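Novice: In case you want the letters, here they are:
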Amino acid sequence: MKVINGNFDENIKSGICVVDFFADWCGPCKMFANVFENVSKKFDDINFYKFNVDEDNETSNKYSVMSIPTIILFKDGSEVKRHIGFLDEDSFIQFLEDV
Amino acid sequence: MFDIIIIGAGPAGLTSAIYSKQASKNVLVLEKETYGGQILSADKIKNYPGFTEITGFEFSTNLYNQVKNLGVEIKYEEVIKIKNHDNFKEVLTNKDSYKCKCIVIATGAKNRMLNLNNEKKFIGKGISYCPTCDGMFFKDKNVAILGGGNTAISSAIYLSDIANKVYFIYRQKNFKDDSLNLDEVKNKDNIKVILNSNVTELLGEDKLEKIKVKENDSNKELILDTDGLFIAIGHVPVSSICENLIDINDKGYIVSNEECVTNIDGIFVAGDVRTKNVRQLTTACSDGTIAAVNAIKYLNKK
Numbered sequence: 001m002k003v004i005n006g007n008f009d010e011n012i013k014s015g016i017c018v019v020d021f022f023a024d025w026c027g028p029c030k031m032f033a034n035v036f037e038n039v040s041k042k043f044d045d046i047n048f049y050k051f052n053v054d055e056d057n058e059t060s061n062k063y064s065v066m067s068i069p070t071i072i073l074f075k076d077g078s079e080v081k082r083h084i085g086f087l088d089e090d091s092f093i094q095f096l097e098d099v
Numbered sequence: 001m002f003d004i005i006i007i008g009a010g011p012a013g014l015t016s017a018i019y020s021k022q023a024s025k026n027v028l029v030l031e032k033e034t035y036g037g038q039i040l041s042a043d044k045i046k047n048y049p050g051f052t053e054i055t056g057f058e059f060s061t062n063l064y065n066q067v068k069n070l071g072v073e074i075k076y077e078e079v080i081k082i083k084n085h086d087n088f089k090e091v092l093t094n095k096d097s098y099k100c101k102c103i104v105i106a107t108g109a110k111n112r113m114l115n116l117n118n119e120k121k122f123i124g125k126g127i128s129y130c131p132t133c134d135g136m137f138f139k140d141k142n143v144a145i146l147g148g149g150n151t152a153i154s155s156a157i158y159l160s161d162i163a164n165k166v167y168f169i170y171r172q173k174n175f176k177d178d179s180l181n182l183d184e185v186k187n188k189d190n191i192k193v194i195l196n197s198n199v200t201e202l203l204g205e206d207k208l209e210k211i212k213v214k215e216n217d218s219n220k221e222l223i224l225d226t227d228g229l230f231i232a233i234g235h236v237p238v239s240s241i242c243e244n245l246i247d248i249n250d251k252g253y254i255v256s257n258e259e260c261v262t263n264i265d266g267i268f269v270a271g272d273v274r275t276k277n278v279r280q281l282t283t284a285c286s287d288g289t290i291a292a293v294n295a296i297k298y299l300n301k302k
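So the sequences go chain by chain: H and B. Take the first sequence: its letters are residues 1 to 99, numbered as in the numbering used here. Take the second sequence: its letters are residues 1 to 302, numbered as in the numbering used here.
Hints in this document: simulated from the structure, not taken from any laboratory. Treat the numbers as computed from the prediction; the structure is a model and nothing was measured. Just so it is clear, CB atoms sit at the ideal spot from N, CA and C, and this is done for glycine as well. Don't take each hint at face value.
To be verified - Cβ pair distances, simulated, as ranges:
1) B:Asn190 with H:Ser64: 18 to 28 angstroms
2) B:Asp140 with H:Glu37: 28 to 38 angstroms
3) B:Met1 with H:Lys41: 30 to 40 angstroms
4) B:Asn150 with H:Lys13: 22 to 32 angstroms
Okay, chain H solo, but in the shape it has when bound:
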């Protein structure tokens, strides 16, 4: 799973990308990490990225991330939708398929 700290905007600027904003100390983030990993194998046309909020406050602020896990879906660099909090596998798939 690619962590895109340090190169966030460049990575999300084209195509469909979903980013999991997480931190190592966050329990629900750890639970969601498994869901994110499993679901990533089912979508070839979406880029799955992770972003560690502890290492870059500026980017978290830029995207108004104030709670984790936050999951944001981008299309060509623009936010399409977001979810705040844990999602189970079915709900996360639904989140991606609704676009």
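Dock chain B against the given chain H, drawing on the hints supplied.
Specialist: Okay, now just chain B, sitting in the frame of chain H:
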């Protein structure tokens, strides 16, 4: 058909699962969100016997793995309704329905909301119920905390080490006599305590920017610039699935006693969702044990 369906994978429900499975019962646990319940977000647990200190996540994960390793099936589905038939019970979820011989309800409690306009819209965008989860996003910013119990007090202290300024708003004129760590609050230069007041409006465009605070005995209002508002005004029981079947008191708690029984034969209740005086991690686990033991007795009699 399952012997026992346990609704809720917090400490009460998972403890019930351990006892039920160890008695060789066929058990299903249904959970709508994440395992662990409220304790998952606890920064540090220091009052559980046998552990000097453990994080809420570590405790919850250990308990979850213990249950999984016993071979208990856990499904992530939201229970919508319970039905009591002559010879069995039925649990309807957002995905399926399951038959069983008896049920343990361990749905717990959730954070009480203020029920103000914009509250839902700003959750995760300034409004939070969990300082340890979200506090770090407010480094060097101004935040407010609403509430006056020990959770609110410890949250104010925690946030004061991160934020620039903490407005600590409490609706009563004085803190309770048995409040803990109030001296520490007084010693923090960046905590401003505002008593006898309530938050009446949440203001902002895409995220929380200001809150309106009104003094209770007067019409005096003030607007505070805050990036975050942490709400710690208690919990409400999650008991709507029991409506029209199981006795619930006027506050929404399932009516029960120390035997964890309900008014319906074969339906038991454990943890924060039932009527009781002490709601702690230890008493949730205690309830889980008692509910399971009584469910097992009920099954063995049939």
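Novice: Each of the hints needs a verdict: does it hold here or not?
Specialist: How the hints compare with the structure:
1. B:Asn190 with H:Ser64: 18 to 28 angstroms: holds, 24 angstroms
2. B:Asp140 with H:Glu37: 28 to 38 angstroms: holds, 34 angstroms
3. B:Met1 with H:Lys41: 30 to 40 angstroms: Since B:Met1 and H:Lys41 have Cβ atoms about 35 angstroms apart, the given range 30 to 40 angstroms holds.
4. B:Asn150 with H:Lys13: 22 to 32 angstroms: Between B:Asn150 and H:Lys13, where Cβ atoms are some 48 angstroms apart, the hint is violated.
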